[in-house]
Amino acid sequence: MKTNLTLLLSAPFLLAAAGTAQAQDYPTKNIQIIVPYSAGGGGDTVARIVADRLGEELGQQINVVNREGAGGEIGIDEIARSDADGYTLGVFGYPDNFVLEHTRDTSFTFDSLDYLAAFDDMPMGIFASPNSQHNTLEELVSYGQEHPGEMIIGESGALGLLHALAFAERSDMQITPIRYSGGGELMNALLGNHIDLASTSSMSHDPIVDSNGKPIGFAAEERMEMFPDVPTFKEQGLDLVMGVSRVLVAPAGLPDDVREALVAALDKISTNEEMITNFENSAIPYRYLDDSAVNEMLEKSNSVLMPVIESNLDQINGN
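Note that the sequence shown covers residues -23 to -1, 1 to 296 in mature numbering (1 follows the signal peptide of the UniProt record, and there is no 0).
Bear in mind the hints are in silico, worked out from the structure with no lab data behind them. There's no promise every hint is true.
Stated by the list, open to error - Computed cross-link-like contacts, BS3-like style, restricted to lysine-lysine with a CA-CA straight-line distance of at most 27 Å: (1) K245 <-> K277; (2) K245 <-> K6; (3) K277 <-> K211; (4) K211 <-> K191.
Can you build the whole structure from these sequences, using the hints too?
Right under this line is the structure:
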């Protein structure tokens, strides 16, 4: 009886020890990163750069899976509905999820995800077509105010439209927005002179300028080191700061030890020189925010974006 009692008493401790050992072994199999966009774009590029280094650090292969569609909604929804076990992660451009949540009937909310890190900071910009007569914000706004609704601005994605509407609202212009299915289609429309302006991120600078398009300004706090000749809107008298930051997320509810393993690995690779060089070579300005910093940034950004969304909701839903 004594032996049996000892075994019975020991069983819970053995099970607990086994569970601890199993958690400490994370990861024990391949991990996937879901990207809610097509291959080749900025979010996909960031995911693949990070996946290489993070996989090496965790000792497991990380596969990037593209789940494009519905402006990112399909892929973000799949991330949010996945098991919170550390084997499904996601990378997308914030604030796509926040804008989608407040402009569509999504099954996910901001709190459906656990935000582990951010890797870049790409301000939105306004670019004029090669044939445009406008070279500065002052020229553009003057014309737009004198010809309400005549100026056509293209955009793709939730943030592109939001930025276009905020730009028009704060410069007291009426514009006509046109939505394109992706950045490539938007670029072709601008460079083919089918639209007057494009609302897109700073990543589009080089291909637009190389084809004689004109950067009007960036919605950034200060000039980008990568593009020092492009002024900010603030410099030109327009108070508008808005951009995209690629975040690495997991479904909400990760076990503490799994989350700690991921956060520690992300912090460790954040200073990897090869990874940073890969960002620079892809014309993506590298800026790492750890789990604490990224959550602080997101909460602040949400409070700035919400009034813009609310004041333009009818136009967003009608576009």
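Okay, the hints, checked on the actual structure:
1. Our distance criterion of 27 Å between C-alpha atoms is met by K245 and K277, whose separation comes to about 26 Å.
2. Distance check on the hinted pair: K245 and K6 sit about 21 Å apart at the alpha-carbon level, within 27 Å; holds.
3. Between K277 and K211 the CA atoms are separated by roughly 19 Å; this keeps the pair inside 27 Å, and the hint holds.
4. Taken as a hint, the K211 and K191 pair is honoured in the structure, with Cα atoms around 18 Å apart against an allowance of 27 Å.
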